[in-house]
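**Q** In order, the protein sequences belong to chains A and B.
Counting in full-length UniProt numbering, the first sequence runs from 1 upward without gaps.
Counting in full-length UniProt numbering, the second sequence runs from 1 upward without gaps.
Bear in mind the hints are in silico, worked out from the structure with no lab data behind them.
Accuracy of the hints is not assured; some may be wrong.
If several chains are the same, the list does not tell them apart, and a pair holds so long as it fits within one copy or across any two.
To be verified - With a cut-off of at most 25 Å between alpha-carbon atoms, the simulated SDA-like pairs for lysine to any residue come out as follows: (1) 37 - 112; (2) 106 - 91; (3) 106 - 9; (4) 106 - 60; (5) 37 - 105; (6) 106 - 61; (7) 38 - 74; (8) 38 - 273; (9) 37 - 6; (10) 38 - 105.
Number of protein chains: 2
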Amino acid sequence: MAERVRIVDVASLAGVSTATVSRALSAPETVGPATRKKVMEAVRTTGYRINSAARDLRQRRARSILILAPNLSNTFFSRIFAAIQEEAGAVGLTVQISDSRIGRDKLVSLGYDGRADGIVLLDGNIDPEVVNGWNLPLVQLSEWNESYDAPRLVFDNPAAARLAVDHLADLGHRALLHVSGPAENVLAETRRAGFLEAAAARAVSAEVFDGDFTLAAGAEAARRWAGLAERPTGVFCASDECALGFISECGRLGVSVPRDVSVIGFDDIDFADHFLPALTTIRQPREEMGRQAARMIVAMLEGQGAAAGATGAPIAPELVVRGTTLPACPAAARSEAAAEG
Amino acid sequence: MAERVRIVDVASLAGVSTATVSRALSAPETVGPATRKKVMEAVRTTGYRINSAARDLRQRRARSILILAPNLSNTFFSRIFAAIQEEAGAVGLTVQISDSRIGRDKLVSLGYDGRADGIVLLDGNIDPEVVNGWNLPLVQLSEWNESYDAPRLVFDNPAAARLAVDHLADLGHRALLHVSGPAENVLAETRRAGFLEAAAARAVSAEVFDGDFTLAAGAEAARRWAGLAERPTGVFCASDECALGFISECGRLGVSVPRDVSVIGFDDIDFADHFLPALTTIRQPREEMGRQAARMIVAMLEGQGAAAGATGAPIAPELVVRGTTLPACPAAARSEAAAEG
DNA sequence: CTGAAAGCGCTTACAG
DNA sequence: CTGAAAGCGCTTACAG
Numbered sequence: 001m002a003e004r005v006r007i008v009d010v011a012s013l014a015g016v017s018t019a020t021v022s023r024a025l026s027a028p029e030t031v032g033p034a035t036r037k038k039v040m041e042a043v044r045t046t047g048y049r050i051n052s053a054a055r056d057l058r059q060r061r062a063r064s065i066l067i068l069a070p071n072l073s074n075t076f077f078s079r080i081f082a083a084i085q086e087e088a089g090a091v092g093l094t095v096q097i098s099d100s101r102i103g104r105d106k107l108v109s110l111g112y113d114g115r116a117d118g119i120v121l122l123d124g125n126i127d128p129e130v131v132n133g134w135n136l137p138l139v140q141l142s143e144w145n146e147s148y149d150a151p152r153l154v155f156d157n158p159a160a161a162r163l164a165v166d167h168l169a170d171l172g173h174r175a176l177l178h179v180s181g182p183a184e185n186v187l188a189e190t191r192r193a194g195f196l197e198a199a200a201a202r203a204v205s206a207e208v209f210d211g212d213f214t215l216a217a218g219a220e221a222a223r224r225w226a227g228l229a230e231r232p233t234g235v236f237c238a239s240d241e242c243a244l245g246f247i248s249e250c251g252r253l254g255v256s257v258p259r260d261v262s263v264i265g266f267d268d269i270d271f272a273d274h275f276l277p278a279l280t281t282i283r284q285p286r287e288e289m290g291r292q293a294a295r296m297i298v299a300m301l302e303g304q305g306a307a308a309g310a311t312g313a314p315i316a317p318e319l320v321v322r323g324t325t326l327p328a329c330p331a332a333a334r335s336e337a338a339a340e341g
Numbered sequence: 001m002a003e004r005v006r007i008v009d010v011a012s013l014a015g016v017s018t019a020t021v022s023r024a025l026s027a028p029e030t031v032g033p034a035t036r037k038k039v040m041e042a043v044r045t046t047g048y049r050i051n052s053a054a055r056d057l058r059q060r061r062a063r064s065i066l067i068l069a070p071n072l073s074n075t076f077f078s079r080i081f082a083a084i085q086e087e088a089g090a091v092g093l094t095v096q097i098s099d100s101r102i103g104r105d106k107l108v109s110l111g112y113d114g115r116a117d118g119i120v121l122l123d124g125n126i127d128p129e130v131v132n133g134w135n136l137p138l139v140q141l142s143e144w145n146e147s148y149d150a151p152r153l154v155f156d157n158p159a160a161a162r163l164a165v166d167h168l169a170d171l172g173h174r175a176l177l178h179v180s181g182p183a184e185n186v187l188a189e190t191r192r193a194g195f196l197e198a199a200a201a202r203a204v205s206a207e208v209f210d211g212d213f214t215l216a217a218g219a220e221a222a223r224r225w226a227g228l229a230e231r232p233t234g235v236f237c238a239s240d241e242c243a244l245g246f247i248s249e250c251g252r253l254g255v256s257v258p259r260d261v262s263v264i265g266f267d268d269i270d271f272a273d274h275f276l277p278a279l280t281t282i283r284q285p286r287e288e289m290g291r292q293a294a295r296m297i298v299a300m301l302e303g304q305g306a307a308a309g310a311t312g313a314p315i316a317p318e319l320v321v322r323g324t325t326l327p328a329c330p331a332a333a334r335s336e337a338a339a340e341g
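Throw the hints in and build the complete structure from the sequences for me.
**A** This is the structure we're talking about:
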């Protein structure tokens, strides 16, 4: 618990001014070689470490970015956080995380408290007045809101839904079900709309159950699905967790995936590939998304704001075919025919 | 992008000194009612928000705690992060997260840069000189290191291993395998040691495979296990991911869990209950752990350091029996007998 | 109850 | 190349 050593301690030991110490540390080339050596020597013997808080106050910046997400314990976010932290850390930025559901007043303060230079926002459901009131560089990631006056990095959800529908239709499934996310969520909305549109394009019947992306919602959907007179044979879930919940509940109901029903998830979380059977899903490149968002914020901080911050093309989806989808089976076709007859 | 309003702006509008504004905001009862009203009025019309960076510098504290973890994208941590953030946020603390593998020099600086008041450390493999050199309140969570001079909150890993072994032995399994974590990891070490000790106490044969907690390590272990002349019928994995990887690979090898082999995991991550079959595992109350660690740090920051910070009893494990463990089956017993004969 | 003034620990024009 | 001085935006003894 040694006393904190300050720049004046270094200065007096080296016999120079604090200005010189400061320069020797941050711009060594502006200081004479002999002076520089004395200073460095003093830094070493005192064990001096700069106090970032003081420097940041003086320079009126925080050297920190804030990640705001609606649910920190959601496994979908973990890799995104890690990627942002890695990219930001590489250029000397600290990263803070906060739950975005902390109350309007606290949220408003975040933009003014001098603790963050920029924000990566993963929540599209914050009051636009609050978001647009922050006068800080901001990028929207994954979720977004048309009313936010900020660039965004989004996944191509409609194209992803199309990929899922086409895959099921190509396998011969004629009746499809979509288990959606929460109604007021952009991701859920765009996936649902994409599903409906693609199903219409393929002239395939389409039904939608409401859900909320969770394992529990998937299980609930499976029970509802099982109760249907005519069960759709192809199910597209709005998240992997939901799909896994659906499949797992099917197991309890004595229904086999993919023999009795094909299921597609969304995200390609780590478990997707290790589930039994391995989950067919839509891959979202989460690390890449986090990394890109971090780079956008960094570019904006460096003043290349408008240009670099412009909203680019959405991230392209990729269908990963694994073990939970199969061609529509004869049995299903038969029962369908029987039901129709 | 309105200009940032400072305390002087409020003061001049209200016709008082900055000292009075400061007091009106942080200790309203020390200010006359009329003055208070004027100040509040001025705060409202200017939209003033305090600059935390300046206040923190003046008060020589950061109002922030830092979480340091070896792998931010590990799903085991997500709930812990969320719990810490929630608990710390409730008392006005900001939380930063950083990967603990950012290099020695950066790590050293963390304790001196004035940006954090305390640290929650989830990594037991940092050089003790670095850790003990920080003169900041610190609590070790989950992982720990005997050489760190700091209180810790740990899970009772030996008792947990005993629970797993007893469960398998009670089911009649006479040959057990443990798939361990990385060699230099305390969690892995204590679980392995607990496993060995408990197996000896139950007079059951015990074998250990090295692993690293990942899905891939579990799959790899399953392949090794399948190649054994005498396959242990009870497998205790050092993490749920590892167990899931093991089970999933068994599926590919045509081995059925739990019919042919019983498997127990460790952690009780969200997926454990939704895997097929649902995973029997040891539950670690991650939210509770995060919450308690946050409370310890907060208590230390409030100066109740030594007392409240004392290392308490380890967190008790709980065995959650689900679908991946079954009594040792006759077939297994027979092949075992045959092998012995 | 309120204000003038010092100070938190730095950086940076401004001189020389 | 180096130093004296101002200032980042607050808070807090110290007076009154």
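**Q** If a hint holds in the structure, say so; if it doesn't, say that too.
**A** Outcome of the hint check:
1. 37 - 112: Cα proximity of residue 37 and residue 112: across copies only (23 Å, versus 40 Å in one copy).
2. 106 - 91: between (28 Å within a copy, 12 Å between copies)
3. 106 - 9: between (38 Å within a copy, 22 Å between copies)
4. 106 - 60: Answer is both; intra-copy 21 Å and inter-copy 22 Å each pass.
5. 37 - 105: For residue 37 and residue 105, only the inter-copy Cα distance (20 Å) is at most 25 Å; the intra-copy one is 50 Å.
6. 106 - 61: both (20 Å within a copy, 20 Å between copies)
7. 38 - 74: neither (51 Å within a copy, 45 Å between copies)
8. 38 - 273: Neither: 58 Å inside a chain and 63 Å across chains, both beyond 25 Å.
9. 37 - 6: within (18 Å within a copy, 40 Å between copies)
10. 38 - 105: between (50 Å within a copy, 21 Å between copies)
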